[in-house]
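Novice: Now for the letters of each chain:
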Amino acid sequence: MSSYLYYPGCSMEGSGRSYRESLQGICEPLGITLEELNDWNCCGATEYVSLSTTPAYAMIARNLAIAAGEKKAGESLVAACSACYLNLAKADHYMGAQPALNARVNDALGAGGLHYDPGTVKVRHLLEVILNDVGLEAVKAAVKKPLTGLKVAPYLGCMVPRPDVDGAYTNHEQPNDLDRLLRALGADVVDYPLKTECCGGHMTQVAPKVGLELIRRLVAEAERREAVMMVTVCPMCQINIDAYQGEMNAMFHTHHKMPIVFFTQLMGVAFGLEPKRVGVGREYTNASKTLAKALKAAPELALAAAGAAPAAHRPRPDKRALPMPRMADSEVEE
Amino acid sequence: MIVAQVSPPEAADAGARLLAEVNSKTAGVSRLEMCIQCGSCGGSCPSASAMDHTPRGLFALIRAGERDEVLRSNTPWMCLSCYHCVVRCPQEIEITDVMYAIKVIAEKEHTYPNNVGPDFAGVFIGQAKRFGRSWEIGLTARHYLRHYIPRLPGMTPMAFGLFRHGRIGILPHQIHGKKQLQAILRRADELERAR
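Just so you know, the protein sequences line up as chains A and B, in that order.
So the first sequence is numbered by my numbering: it starts at -15 and just counts up by one.
So the second sequence is numbered by my numbering: it starts at 7 and just counts up by one.
A few of these clues could be false.
[Stated by the list, open to error] Rough simulated footprint, nothing fancy, chain A against chain B, three-plus residues with beta-carbon under 8 Å: (1) 17 to 28; (2) 44 to 57; (3) 68 to 79; (4) 113 to 125.
Hints listed in this document are in silico derivations from the structure and should not be mistaken for laboratory results.
A virtual CB, placed ideally from N, CA and C, is assigned to each residue, including glycine.
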């Protein structure tokens, strides 16, 4: 059992509740334990940095200071929300790179009896932990109900692959991390070129026309690619695409009905947990029916796939067409 | 030989001063002086069409010392923090952080083009300071009542949905170390003002 310190972030307590529920469900099958950071506070999202620099970083650093005191040797701090992850990682990074900022932030922390030495806490995103520490083989081994035939659009969003202060990503625009994970669950992952485009963030609140247009692009593209649901790693992306889809449809006179769920929810379902237990059904655009239909059809599809000749390549649609290169699943790596 | 002077020396001075001011408010190293005006930022920006100046244009204005125009621009307020420009910038300029820095200055001097963005940030952070956590329902309710009355009818089913699906609590979560957090932030505010 590897253990981690865990920073949930405010959304997980409210609108991102299904993320929390599903994450709690999958820890055991994955063999990880998450210990919630004691008395953590809000990371300030993208709002505090827009108001005042030192206080914004001091607010984030309080969490880092608590984590430094609580962590056992080798433990890293895991965040599931993309914005929380980025804020924590960025604060640690900038405090290390900018002695003046570090001095001011630590002076402020001192007023609360805290101190933080940059570099003490390693901040990581949940997806990266599952891919690198748990590994895809272990994920595959935990799958009891493969999601065969479930066509999903992997939507990673911005703040995990970018700006990538730790240099963990070689591809900042088309990484296939989420694709590989979802494929390990047996899902049929569609090619989704907008996977790291922005959901609009707080624009639904401060400039709705801008925000709703970004949501429209994402949903329309997922539909065009014949995905039946989108899968995200971020509570902000989830609520924007889920809760504002109705307003978006009204604005653009469209009729999209694209459910969006957290990747942890699909993991939970694939691991054999009841969809309800992992928060499926809390969406506005309900994913329950789509998921139930796929799960019902999955065993037959899996059987058919196993019985069929193991063709590495799809037959060419037209004899005259040029052969297009196709990577075998095992080759699709970063 | 007469060399054409593009801008008078005063403008260059004003530009250098404004650049220094923006840099001083940037959390990391902005590298803004390295801008080669290639426009990769504007071309990568999903909200560029809503901006009055593209990021490239805004950086040119900074260099020209056009302080008023820069601080009145809606560009930083339209920034989504998606970091697309940051990973594409050939000069590795921390564009998102520069946008934050300009917002910080504009916020202080009340030169923002409209108050929806600053107000949202202010209320969000006011609640986060008070409780130690953000308070989704309090923030959204106040924000919509203040700025988006016409959007309310459309939003009501959404609010009901949030309650029905158990995705929102009425009361804010509060941390134990509120006093500690507030002491830290008071000191941080003093330090920020003294800069």
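Novice: Please go over all the hints and tell whether each is borne out by the structure.
Specialist: Against the structure, the hints:
no. : hint       : result
1   : 17 to 28   : violated (count 0)
2   : 44 to 57   : holds (count 3)
3   : 68 to 79   : violated (count 0)
4   : 113 to 125 : holds (count 4)
In this structure, the earlier hints numbered 1, 3 are contradicted, and the remaining ones agree with it.
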